[in-house]
Amino acid sequence: MEATSVPLPAAAVELPAWRANLATIAALMARAKNELLRVPGAAIPGVLAPTIFFLGLNGVFGGLIQLRGFDTGSYEAFIVPVSMLQGAGFTGAAAGVNLARDIEAGWLDRLLVSPAPRWVLLAGTVLAASARALIPATFVLAIALLLGADFPGIDGLLICYFMVAAMAAVAACWGSFLALRFKSQSAAPLMQAGMMALILTTTAYAPLALLSPWLQKVAEVNPVTEVVEAARQGFVGSVTWAGTWPGLLALAGMLAVLGFLALRQMRRTAL
Amino acid sequence: MADAIVVNGLERAFGEVHAVQGIDLTVAEGEIYAFLGPNGAGKTTTVRMLTTLLLPTGGAATVAGRDVVKEARAVRASIGVALQEAALDPLMTGRELIRLQATLQGIPTAEGRRRADDLLERVDLAAAADRRVGTYSGGMQRRLDLAAALVHEPRVLFLDEPTTGLDPVSRKTIWEEVRALNDAGTTVFLTTQYLEEADQLADDVAIIDSGRIVAEGSPDSLKAEFGNPHIQLHLADGSVAEAEAVLAPLGKLLPPRDGRCVEVEVPNGAADIPRVVRALDEAGIAVESLELVRPTLDDVFVSKTGYHLEEESEENAEKAPVDG
Amino acid sequence: MSALATNARVVKALGMRSVRQTFRRPQLIAPIIVFPTVLLAIQTGGASAAVNLPGFPPVESFLQFMLAGAMMQALMLAGNSGGIALAVDIEMGFTDRLFSAPIPRFAIVLGRLAGTAALGLFSALWFLAIGLIFGASIEAGVAGALLAIVLVTASALAVGGIGAAIALRTGSASVVQGLFPLVLVVLFLSSAFFPQELMIEPAKTIAEYNPLSFIVEGIREPMISGIDATDTLYAVLAILGIVIAGLLLSARALRHRLRVG
Numbered sequence: 001m002e003a004t005s006v007p008l009p010a011a012a013v014e015l016p017a018w019r020a021n022l023a024t025i026a027a028l029m030a031r032a033k034n035e036l037l038r039v040p041g042a043a044i045p046g047v048l049a050p051t052i053f054f055l056g057l058n059g060v061f062g063g064l065i066q067l068r069g070f071d072t073g074s075y076e077a078f079i080v081p082v083s084m085l086q087g088a089g090f091t092g093a094a095a096g097v098n099l100a101r102d103i104e105a106g107w108l109d110r111l112l113v114s115p116a117p118r119w120v121l122l123a124g125t126v127l128a129a130s131a132r133a134l135i136p137a138t139f140v141l142a143i144a145l146l147l148g149a150d151f152p153g154i155d156g157l158l159i160c161y162f163m164v165a166a167m168a169a170v171a172a173c174w175g176s177f178l179a180l181r182f183k184s185q186s187a188a189p190l191m192q193a194g195m196m197a198l199i200l201t202t203t204a205y206a207p208l209a210l211l212s213p214w215l216q217k218v219a220e221v222n223p224v225t226e227v228v229e230a231a232r233q234g235f236v237g238s239v240t241w242a243g244t245w246p247g248l249l250a251l252a253g254m255l256a257v258l259g260f261l262a263l264r265q266m267r268r269t270a271l
Numbered sequence: 001m002a003d004a005i006v007v008n009g010l011e012r013a014f015g016e017v018h019a020v021q022g023i024d025l026t027v028a029e030g031e032i033y034a035f036l037g038p039n040g041a042g043k044t045t046t047v048r049m050l051t052t053l054l055l056p057t058g059g060a061a062t063v064a065g066r067d068v069v070k071e072a073r074a075v076r077a078s079i080g081v082a083l084q085e086a087a088l089d090p091l092m093t094g095r096e097l098i099r100l101q102a103t104l105q106g107i108p109t110a111e112g113r114r115r116a117d118d119l120l121e122r123v124d125l126a127a128a129a130d131r132r133v134g135t136y137s138g139g140m141q142r143r144l145d146l147a148a149a150l151v152h153e154p155r156v157l158f159l160d161e162p163t164t165g166l167d168p169v170s171r172k173t174i175w176e177e178v179r180a181l182n183d184a185g186t187t188v189f190l191t192t193q194y195l196e197e198a199d200q201l202a203d204d205v206a207i208i209d210s211g212r213i214v215a216e217g218s219p220d221s222l223k224a225e226f227g228n229p230h231i232q233l234h235l236a237d238g239s240v241a242e243a244e245a246v247l248a249p250l251g252k253l254l255p256p257r258d259g260r261c262v263e264v265e266v267p268n269g270a271a272d273i274p275r276v277v278r279a280l281d282e283a284g285i286a287v288e289s290l291e292l293v294r295p296t297l298d299d300v301f302v303s304k305t306g307y308h309l310e311e312e313s314e315e316n317a318e319k320a321p322v323d324g
Numbered sequence: 001m002s003a004l005a006t007n008a009r010v011v012k013a014l015g016m017r018s019v020r021q022t023f024r025r026p027q028l029i030a031p032i033i034v035f036p037t038v039l040l041a042i043q044t045g046g047a048s049a050a051v052n053l054p055g056f057p058p059v060e061s062f063l064q065f066m067l068a069g070a071m072m073q074a075l076m077l078a079g080n081s082g083g084i085a086l087a088v089d090i091e092m093g094f095t096d097r098l099f100s101a102p103i104p105r106f107a108i109v110l111g112r113l114a115g116t117a118a119l120g121l122f123s124a125l126w127f128l129a130i131g132l133i134f135g136a137s138i139e140a141g142v143a144g145a146l147l148a149i150v151l152v153t154a155s156a157l158a159v160g161g162i163g164a165a166i167a168l169r170t171g172s173a174s175v176v177q178g179l180f181p182l183v184l185v186v187l188f189l190s191s192a193f194f195p196q197e198l199m200i201e202p203a204k205t206i207a208e209y210n211p212l213s214f215i216v217e218g219i220r221e222p223m224i225s226g227i228d229a230t231d232t233l234y235a236v237l238a239i240l241g242i243v244i245a246g247l248l249l250s251a252r253a254l255r256h257r258l259r260v261g
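Residue numbers (this note's numbering), protein chains in the order written: chain G, 1 to 271; chain A, 1 to 324; chain R, 1 to 261.
Since the hints were derived computationally from the structure, they do not count as laboratory data. Note that this is a predicted model, so its numbers are computed, not measured. Treat the hints loosely; a few may be bogus.
As the list claims (entries may be wrong) - Now the in silico label distances, taken between C-beta atoms and shown as ranges: (1) LEU146/G - GLY138/A: 44 to 54 angstroms; (2) SER184/G - ALA5/R: 41 to 51 angstroms; (3) PRO189/G - VAL51/R: 24 to 34 angstroms; (4) LEU179/R - SER184/G: 17 to 27 angstroms; (5) PRO189/G - ASP124/A: 36 to 46 angstroms; (6) ARG101/G - ASN268/A: 58 to 68 angstroms; (7) GLY138/A - ALA43/G: 30 to 40 angstroms; (8) GLY55/R - GLY69/G: 32 to 42 angstroms; (9) ARG25/R - SER210/A: 26 to 36 angstroms; (10) TRP214/G - LEU237/R: 34 to 44 angstroms; (11) ARG101/G - LEU179/R: 43 to 53 angstroms; (12) ASP67/A - SER184/G: 24 to 34 angstroms; (13) ARG179/A - MET92/R: 41 to 51 angstroms; (14) TYR209/R - THR240/G: 43 to 53 angstroms.
Beta carbons are placed, not taken as given, at the ideal position from N, Cα and C, and that holds for glycine.
Sequences are here, hints too, so could you generate the full structure?
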């Protein structure tokens with residue numbers, strides 16, 4: 001009996017490793033966007049949560065701006081980068097929840113049984129979250145500008161967006177680690193709450209000097225504080241390298257640690 | 001011909017539970033090999049170890065000549081897998097799924113698209129190819145899963161309970177496809193809880209129970225262990241002793257089950273029926289009914305495990321927990 | 001046995017089921033208690049300098065101010081989760097079993113509310129304990145604590161009625177769950193987390209008329225200064241208003257549910 005198609009020799013068919021890896025990452029990112037485009041209303045919670053927090057925090061705690069210690073006269077400007085980062089945390093954690101759902105449905109087995117390297121599989125999830133986080137970030141920013149916050153300048157905007165994308169990647173590594181560890185969507189609250197706590201135990205609400213003593217200590221050691229400060233630069237003043245590199249370093253460090261944990265867990269899952 | 005799968009003393013324990021307790025088997029290239037056993041016997045655990053999804057806690061195995069632990073990635077490049085849970089994404093279309101699988105296997109885009117089209121045609125899903133998988137029936141999903149497993153033309157194909165839960169028509173379709181693949185040279189390792197499936201498809205069958213292989217061989221050789229076919233006769237009148245006296249020269253008499261039933265093992269199966277009937281007729285013994293009984297894999301299973309496979313599976317299906 | 005006594009037994013039985021359900025699954029309670037606690041810690045730590053703002057009510061600490069808001073948040077989440085539980089009952093068909101029994105239909109709602117009230121009571125006790133552990137005292141003493149507990153429990157009942165109404169109307173757990181952000185919105189638009197006079201427009205005006213603000217003030221006053229008859233009265237009236245709204249909506253939704261099946 002003849003085969004339907006004449007099989008080509010393997011060498012002629014397969015791509016060099018780097019091209020295959022890129023193609024796989026692109027394909028996984030393309031799949032990730034299906035949830036946004038093919039499930040009605042799926043994008044709403046991710047956009048709604050940080051927006052509600054932004055408007056709520058501004059309406060409730062806006063009076064704090066009268067206190068001495070703020071570099072700016074606008075509480076909107078002060079907290080909008082926080083809300084954008086919250087959106088990133090939420091999006092990244094949601095990527096973890098999606099991974100948990102994929103694990104429960106057996107979909108991850110399909111990926112694990114393929115010859116694609118594990119880091120490639122993880123990169124697909126993480127990069128998709130980074131890209132997706134720009135949506136709520138833009139929405140919150142637009143609302144803030146409408147409410148009268150000053151435009152942060154091109155440099156401030158780019159730095160902020162970069163921080164948002166990178167923070168989403170950190171959150172996606174965290175969510176993926178938990179998903180692979182517990183193999184269940186019931187870990188979702190831990191994914192979300194962990195990120196929320198991480199982002200808010202910083203100079204989110206007020207400058208360091210105005211925080212209560214215990215939170216000051218936490219914010220001083222929390223790497224996300226550097227990220228918040230770096231993202232906030234353009235909104236409250238001017239962008240400098242000195243104000244940026246600590247945030248970059250913090251992100252690199254968190255990505256390294258959480259990325260390592262997630263990758264290790266993925267390798268353990270397969271075995 | 002090299003062996004496609006070689007397993008030596010493979011073990012897997014989950015804490016106190018020993019799901020697989022030292023399995024040895026060899027699957028020759030180009031064979032269809034079936035793992036037959038009830039739920040919980042260790043079939044899926046074994047498949048997961050051979051497809052590098054699970055690390056063995058003892059023993060070793062090679063697939064397509066590569067060690068499943070030390071050369072896992074090379075193994076993955078050589079195998080196609082369709083697992084028990086058809087691992088599909090309901091939001092994707094069938095075509096998108098096979099194209100994604102092609103990308104995962106490192107196949108260039110244009111070639112991947114061509115193969116996807118071919119495979120969809122082959123498993124009769126061309127018409128539904130651009131519909132979302134979530135709208136497919138169970139049979140369609142299994143066919144899609146099978147097509148995706150074939151996109152890189154693997155040397156060894158693993159099918160974990162490929163027809164469980166399917167209606168008889170869908171089951172037959174899958175069987176035809178498996179036979180066609182095997183004819184084209186693919187080695188197939190399948191697990192099943194259906195006797196008929198193992199009987200119909202497999203060149204070799206291993207019966208697994210509680211993590212151990214309790215019998216192995218071709219379906220015919222396994223059944224032959226339990227003797228030849230026998231004819232079971234229910235007498236309308238006349239005594240069993242008389243009938244036995246008439247039939248003794250024609251074959252081996254089996255112990256009677258009750259006062260009206262005679263069983264004789266005959267060497268030529270159905271071809272011996274006319275002789276038997278004629279002999280009884282000439283002796284004036286009337287027969288109410290007659291049945292030719294062939295040993296089945298279930299007989300083999302019962303003798304090795306002490307229970308029937310199909311009943312066990314039905315009971316397990318009834319007892320299956322409802323997720324809450 | 002009189003009809004009233006029979007009905008009371010039914011409500012009690014359903015109520016006990018509801019309470020057992022609530023407390024047997026810690027992973028469901030945790031978000032209702034843990035989330036407001038974490039938020040309490042963060043907001044107290046982050047915005048504590050607010051006590052220095054001109055016009056801020058005289059308090060011992062920002063924590064003392066915030067406790068009422070945390071309780072409010074917990075009881076709102078409890079009401080939401082009670083609604084989810086009822087919706088799950090509807091989806092699973094358990095309510096059909098109840099509807100076909102010779103019990104008054106409204107007993108089903110009342111029984112569910114018992115679980116929500118229990119959760120409200122628990123959260124009141126929890127946050128009082130947190131407050132005392134972290135150094136916030138209750139100015140009105142034991143009487144103030146008891147008043148807070150009563151108001152919180154009653155509010156949980158009231159909000160639970162709204163949650164039940166939504167569950168009966170939609171019959172879908174995921175819809176009720178999707179209303180969770182709304183809980184936060186309504187709280188932000190009240191004086192739960194900040195004195196209403198010091199909020200920013202338009203939140204300030206909305207908070208002035210938000211019934212939740214009256215309830216929060218009623219719970220807060222005994223803690224930061226003392227029991228005030230006017231504040232307590234407004235709180236009770238607000239709770240009653242929500243109770244009545246909840247009852248009316250639930251009754252209508254119940255009729256709708258019985259009609260559509």
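Taking the earlier hints as the rules, which of them does this structure contradict? 8, 11
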